[in-house]
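Trainee: Each chain is listed here by its residues.
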Amino acid sequence: MAATYRTHMSIIGDILTTTRDEVPDETGASVTYLIRKANISYGRISKILETLVQQGLLEQTNSDRACKYKISSRGREFLQAYRGFREFAETFGLRI
Amino acid sequence: MEFVLEIILNLVGFGVGLLIGIFAHIGFRNTGSPTLFRLTIAFLSISIGFGVVGLGYMGDSFFIHSGKIESGIQTLGIGIQTIGYFFIAFSHGIKSFFPKSRYLKSIVVPLFIIPGNSIEHIIRSISFILLVYGTIETIMSYMENRKTSTIFVASGLGLLALGEFLGWYSVVFPKSVLYVLSISTKIVGLGALFVPISKVPLRGMKFGGNI
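Chains X and F supply the protein sequences, listed in that same order.
One point on numbering: in my numbering, the residue at position 57 of the first sequence is 497, and numbering is uninterrupted.
One point on numbering: in my numbering, the residue at position 75 of the second sequence is 287, and numbering is uninterrupted.
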């Protein structure tokens, strides 16, 4: 079976989906949790999380001396739009 | 009457292509996805191509009154559409544009050789091949994801290919109904492309472009 490579956008989609649907508690998801769920290296996820926080798609919270991440309302809207555009590309048999 | 029909059909093609192109552009602006960028170029090119031919007919109808479109404008419009078809095929990645089998080569090569006396017909044959390639790739995607919307897109690309073939074949019967049939088939093809896209929720949201 051929390997399926995830695009940068699909990794972002996975991170946002995890922070929306699979957060372990109300304070948000830790970096370690996101690394395990999104299956991505620490170096790469750090840059992506920084960008998502800067763009206002994720909210950073500090709990028990650890940084945690929660999806913002803007992030929820983005995720909904992203799914629409992913659907659009998939109708052409493509991935965004 | 036929002239008016051709103007209308080309302008419908312009409108449908423009709508899909704008949707792809909104997606590109929001996500920065290269796939959506290529689809934007593809559908805007197809739209502009139809628009150029439509305006060519309108120009003749209102100003020149020769009863036939300037062949240079027709070639230009079809050439611009071909750029769009190239980007649709390119989005799938042209892995094996020319088949290795000599039996298949014998089918593909004449498509380039037979219309060699006219730039317009060379362009049409290239469009046809690109569209057939895009149709086959989309059907293969359907085999994987089994989405009904993908079948609509495959049918749309297939009808565009048929439209190009009919337009190319109309060189044999230049005064026949084949050209109108070709444009009509292409419009139905664009309509089939638009059906699944119209079901996707269109949101004019703007996010940062550096995601």
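No lab work stands behind these hints, which were simulated from the structure alone.
Incorrect hints may appear among the rest.
Here are the simulated distance ranges between beta carbons [unchecked claim]: (1) F/F302 / X/G483: 55 to 65 Å; (2) X/E490 / F/V392: 39 to 49 Å; (3) X/C507 / F/I220: 20 to 30 Å; (4) X/S481 / F/I363: 32 to 42 Å.
Taking lysine to aspartate or glutamate pairs in the EDC-like style, the calculated list, with each CA pair at most 20 Å apart, reads [stated by the list, open to error]: (5) X/K510 / X/E466; (6) F/K359 / X/E527; (7) F/K359 / X/E530.
Pulled from the structure, derived: some chain X residues nowhere near chain F, Cβ distances all over 12 Å [claimed, not checked]: (8) A521; (9) F525; (10) F528.
C-beta: ideal position from N, C-alpha, C; glycine also.
Trainee: Of all the hints numbered above, which does this structure not satisfy? Sort the numbers upward.
Mentor: Those not satisfied are hints 1, 2, 3, 8, 9 and 10.
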